[in-house]
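For the protein sequence lines, the chains are A, B, C, D, E and F, in the order given.
Residue numbers for the first sequence follow the working numbering, beginning at 37 and rising by one.
Residue numbers for the second sequence follow the working numbering, beginning at 37 and rising by one.
Residue numbers for the third sequence follow the working numbering, beginning at 37 and rising by one.
Residue numbers for the fourth sequence follow the working numbering, beginning at 37 and rising by one.
Residue numbers for the fifth sequence follow the working numbering, beginning at 37 and rising by one.
Residue numbers for the sixth sequence follow the working numbering, beginning at 37 and rising by one.
Hints may contain errors.
Intra- or inter-copy, both count: the list cannot distinguish identical chains.
Taking lysine to any residue pairs in the SDA-like style, the calculated list, with each CA pair at most 25 Å apart, reads [what the hints assert, rightly or not]:
id	residue 1	residue 2
1	Lys148	Ile120
2	Lys148	Gly82
3	Lys148	Gly275
4	Lys148	Val263
5	Lys239	Leu196
6	Lys239	Leu110
In case anyone wonders, no lab produced these hints; they're calculated from the structure.
Protein chains: 6
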Amino acid sequence: MTLSNSDDLALRERLLGMTTATATNMLNLRGYQNQFMTGARPIQTGGRACGRALTVRFGPARPDMTFPQDERHLEPLWVAIESIVPGDFLVLDCGGDVQAGTTGDILAARIKRRGGVGIVVDGALRDAAQIRDLVHLPCWSAGVHGSGFIAALVCLDWGLTVRCFGVTVRSGDYILADDDGLVAIPAALADEVATDGGETELKETFIRGLVEQGVPLSECYPPTADVLRQFHEWQAAHGH
Amino acid sequence: MTLSNSDDLALRERLLGMTTATATNMLNLRGYQNQFMTGARPIQTGGRACGRALTVRFGPARPDMTFPQDERHLEPLWVAIESIVPGDFLVLDCGGDVQAGTTGDILAARIKRRGGVGIVVDGALRDAAQIRDLVHLPCWSAGVHGSGFIAALVCLDWGLTVRCFGVTVRSGDYILADDDGLVAIPAALADEVATDGGETELKETFIRGLVEQGVPLSECYPPTADVLRQFHEWQAAHGH
Amino acid sequence: MTLSNSDDLALRERLLGMTTATATNMLNLRGYQNQFMTGARPIQTGGRACGRALTVRFGPARPDMTFPQDERHLEPLWVAIESIVPGDFLVLDCGGDVQAGTTGDILAARIKRRGGVGIVVDGALRDAAQIRDLVHLPCWSAGVHGSGFIAALVCLDWGLTVRCFGVTVRSGDYILADDDGLVAIPAALADEVATDGGETELKETFIRGLVEQGVPLSECYPPTADVLRQFHEWQAAHGH
Amino acid sequence: MTLSNSDDLALRERLLGMTTATATNMLNLRGYQNQFMTGARPIQTGGRACGRALTVRFGPARPDMTFPQDERHLEPLWVAIESIVPGDFLVLDCGGDVQAGTTGDILAARIKRRGGVGIVVDGALRDAAQIRDLVHLPCWSAGVHGSGFIAALVCLDWGLTVRCFGVTVRSGDYILADDDGLVAIPAALADEVATDGGETELKETFIRGLVEQGVPLSECYPPTADVLRQFHEWQAAHGH
Amino acid sequence: MTLSNSDDLALRERLLGMTTATATNMLNLRGYQNQFMTGARPIQTGGRACGRALTVRFGPARPDMTFPQDERHLEPLWVAIESIVPGDFLVLDCGGDVQAGTTGDILAARIKRRGGVGIVVDGALRDAAQIRDLVHLPCWSAGVHGSGFIAALVCLDWGLTVRCFGVTVRSGDYILADDDGLVAIPAALADEVATDGGETELKETFIRGLVEQGVPLSECYPPTADVLRQFHEWQAAHGH
Amino acid sequence: MTLSNSDDLALRERLLGMTTATATNMLNLRGYQNQFMTGARPIQTGGRACGRALTVRFGPARPDMTFPQDERHLEPLWVAIESIVPGDFLVLDCGGDVQAGTTGDILAARIKRRGGVGIVVDGALRDAAQIRDLVHLPCWSAGVHGSGFIAALVCLDWGLTVRCFGVTVRSGDYILADDDGLVAIPAALADEVATDGGETELKETFIRGLVEQGVPLSECYPPTADVLRQFHEWQAAHGH
């Protein structure tokens, strides 16, 4: 299922209209209990991004892989970055190893230049302050480290299914990210998550309004039939 | 020992006059070595709160408890929230499990509407950014997760003695919270902590002033008899 | 190798001209793979500091050491602080124990008054918010705790080689710290790190500029001979 | 649902006929994904036990609970132990805290004398070697510690629903334990787990026999209709 | 570099003549600092095995991968097992997740029947006691769990480079395992590790003999020229 | 306080007459709450040892310390081992780092030859199986690793106060170790611990006998005055 560029852009915009919590809830309701990345922390405040997962895998360094004898060897991370098309979201799988930074400000700048919209790494970034303040590419990670990745890691491959913060991520999943964290949305479900999630966001805003006016939980959350009726009237009246 | 509403409010105000570090120190001096919650992180900057602990306990989900057959079953978390009286501080015990968010923006809004002053959870919150930016209820947690708690947890009960970030908390303990973390003050000690802690805050401010003027530690910290005399003169002169 | 005060100040200023990532990279290139402190978190944003390591060691409390019978006993932490000369950076080794705060606002104020430039502790600070907002001394730690250290720790000694966030630190190492973390630079290497690191910073800024203009990684990072030539021309033209 | 003593004994005997892995599988098939205690380690080799959960909860010590002023206070752990009836399995919830031993050889001897069949604690035991070698009561724990629990813990209560090694355990659940670990079987499901699990054990033994004779997985595991037919013939022929 | 069956068998036999510590040391001397699997625990005592790595990767379960719609889908773990040739050593990469058992007694029996010599999993086994006592296949793991893997994991693929207990393992590496743990020996180095390691084992046995006779470390470890001369004489005399 | 050799030997023999749990209890009663090493695991079953702590400290490797330029440099671990006198117990402080083995079979053989009675390391051993089966020196550790320590650690110094498994250990403390773990007994308390602990062991054996005969806890544990009288009669009758 490949979308045209404009359809993909529209879909990502719709997903950006909801929080990661709402998108996670939509997936939970469809039997996907394990799509939120537990423990990823943003390096910026207020960052939001949505893109298609472009996956890269790292492992602990070993000399025969870090310094391969084949002269035609291309560093997979470089190849992956040069393969980015606008709307891609880099998902780096380090197995939780934070002993070296996978991506610094120069790679981040290139990722942004090619249209990448964000990075998540279950390991460390390098130059996190500069990525945040100079490159302005939203990133989520398990930590920061001063070493380049070659000091402790080797890039294994890219494009494969990976693990990241306890989630199995396939290339092409939609990654939605905000201050709370990240959720991997299987591509086949992205459209219905966008539709139902948008409706849910509205409904929860409506209910929060009721709560702020003093309505007790038993009368509005989960919403009663009466509250749902009120919501649909309000929705119709406001043209949502 | 139950205080009248106004006495309780006054006591909480006095406790808010000191840092969690000072309150912890007052408890240490009385033989309570383990009242500071180690590892709780605020979701906001500059938040401060003091309230009486209202405890809730969660456990890993199991179908017979998540979906009980008894139709009269009331979700304990809902009951606990509707039991809040002004000045309560929710203390949620998840056993450190951050695989699902216990409280989102709607529950937080209801907690605030009923007069709750804060939440601490040794697990995850949901919608943390919205609780911080829209609901404005100060919260401390071990993490953030996009799933509602039903995805991985079940609410066991409320009002019992619980564990939270390494502290045994009884319902009715005073919880004092600031950027540094949280401390549970046994109700029977709250008044004397408020009194002695206030004095200690003043004294430490006075000593820090001396230090900033260049007095070496050996002459002022811990305070010598001479420094204490100077402090009491200063205190008298300034009407504290 | 002891520098004169002015040489030391000049060296620290030059080191402050680079990020911890660049300094770490310079050390990696010289065979030092393990000089970046993994996991230290700043209590402030935008803090930067460079100083010579003054080390202090803590251990779990035991009565015969916490309350020694020898009246001439001096608390090693107090002695260490009173030994600070301008440009020292306190490195506190707690073995990762965050059950008590090692340094509060009064000690931090004294450290600053004596010319200390920063603190790193692989344990907890106390009064972190006040150190940040009132004392303005940049600090990095593993956490915050309300108890003074006497509640759970004993200060063992100072001036010895210590471990801190996975790095062996010798008294006299240069500690460079920024938002990304901290790196320990052996004194014998500090001058060449300062020189080569400064050059590297410039080069990376130049390359990031190329990347932002759209040059692919294969043509500029790592830099080709042509890029290096362009860089040296640019460097000459701009008087760096 | 309370069984007569003889029915309960018969049920526990039937459950002892299967491994914890088989019982866990039976529960997984019924939608209970989280009943196996992850990380519990036996202190003996070859120990097996099955009993009804008798729960006890501990928390970090605090003086007002460790030394209550009420003279009529009874230590909950002592009360719980004296409440044991034959076939009970003690489930101690320490929140993972291994800083003190909950149960030593004397308490273990009393537990055994009253008919207790085993102990699991997500904290530490004391005198583990003596419990194993002198008392001969099978135990599973997260560690061993030399201190009695009063040094770091307080017993909160007993008989409530608890958490233990990531499982929510209700008093009355059947606990089945072997070298691999422990599983909590809700009482309402115990009979059908016993029945189906017994059948599954036989089937898996039969299939393992086929595998050992060289039958490839695709022809026998999961079993084909043909293998199931062979199994039922074998079962009939051998009177199971 | 593919060896004939008999050459491979001979090589594995020679590697079995040394401890994992000696093989690790041989690799350290060649610049491979990170080939020993940190934290793997044997389920048996006295087990030893050497084989060629056959890798399998698992990730957290997600419905679209656990229950794929393509009817031609083959479970990768089953395919991997049926691809075993004598002398293979299964290396299962679970990213440290011990929430479900990857391999039980039936799969272990099939692995053994096809000539597999051992299993290492940086996650959990199922039926560990039966694998040890009935199947007699040596295994190393991070834990044991009662659930089959489908409860929490999905098998992603096999034959790729994986991570296992902090080591990057390529299919075809030689895995040497004993009570102390496991080491991954790159195939290109296996022959020289076998040769030099055998010599080192002899030398260390000789030196340990000297030590037991009372020779101080300064005279024999590391061996002096004189000790090496004695060793070679002893070696010649004993026909090693 | 230095004992003559025979007094020291007699004291160690008396301490060996009690479990680590009893010795820990004796220290708890004297205000030492934190002398038991939490998490140390024996490499053998049934090992027991008591000796005076000889401490050694390790840190993460760095080239200027691993390969010092001073030719007169002596490896501190070698010096420490050659300083052993009979009855010493090696206490190695690695800060919990298990990335390399500190001591292998040859060093262990030398330690034993010089009269060392045991090793505890809050890091890894090397050749653990050989130390257990060939050298027969009882050891406790946090793990096993195949690399020699030079691969990841540097020996810093010996004879200083260290941390080990959460305990501050001074050179000269008595270390008592058994299957349950290890306890550090300050030298000044060793004699009274030996005396009171021996009495406590007898008393607990007596009480366990009562419990096994069916006496309820309320009548014997903690012992009533009547039980204590019975115990003293029994003690007198049996000549203890």
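Checked hints:
1. Taking the shortest alpha-carbon separations for Lys148 and Ile120, only the intra-copy value of 9 Å comes in at or below 25 Å, while the best inter-copy value is 44 Å.
2. With identical chains, the CA atoms of Lys148 and Gly82 are at most 25 Å apart both within one copy (18 Å) and between copies (24 Å).
3. In this assembly of identical chains, the alpha carbons of Lys148 and Gly275 never lie at most 25 Å apart, being 36 Å within a copy and 30 Å across copies at closest.
4. When the C-alpha separation of Lys148 and Val263 is checked against a cutoff of 25 Å, the pair qualifies only between copies, where the shortest distance is 21 Å, while the shortest distance within a copy is 44 Å.
5. Taking the shortest alpha-carbon separations for Lys239 and Leu196, neither the intra-copy value of 37 Å nor the inter-copy value of 34 Å comes in at or below 25 Å.
6. In this assembly of identical chains, the alpha carbons of Lys239 and Leu110 lie at most 25 Å apart only when taken from different copies (23 Å versus 50 Å within one copy).
Hints 3, 5, counting from the list given before, are not met by this structure.
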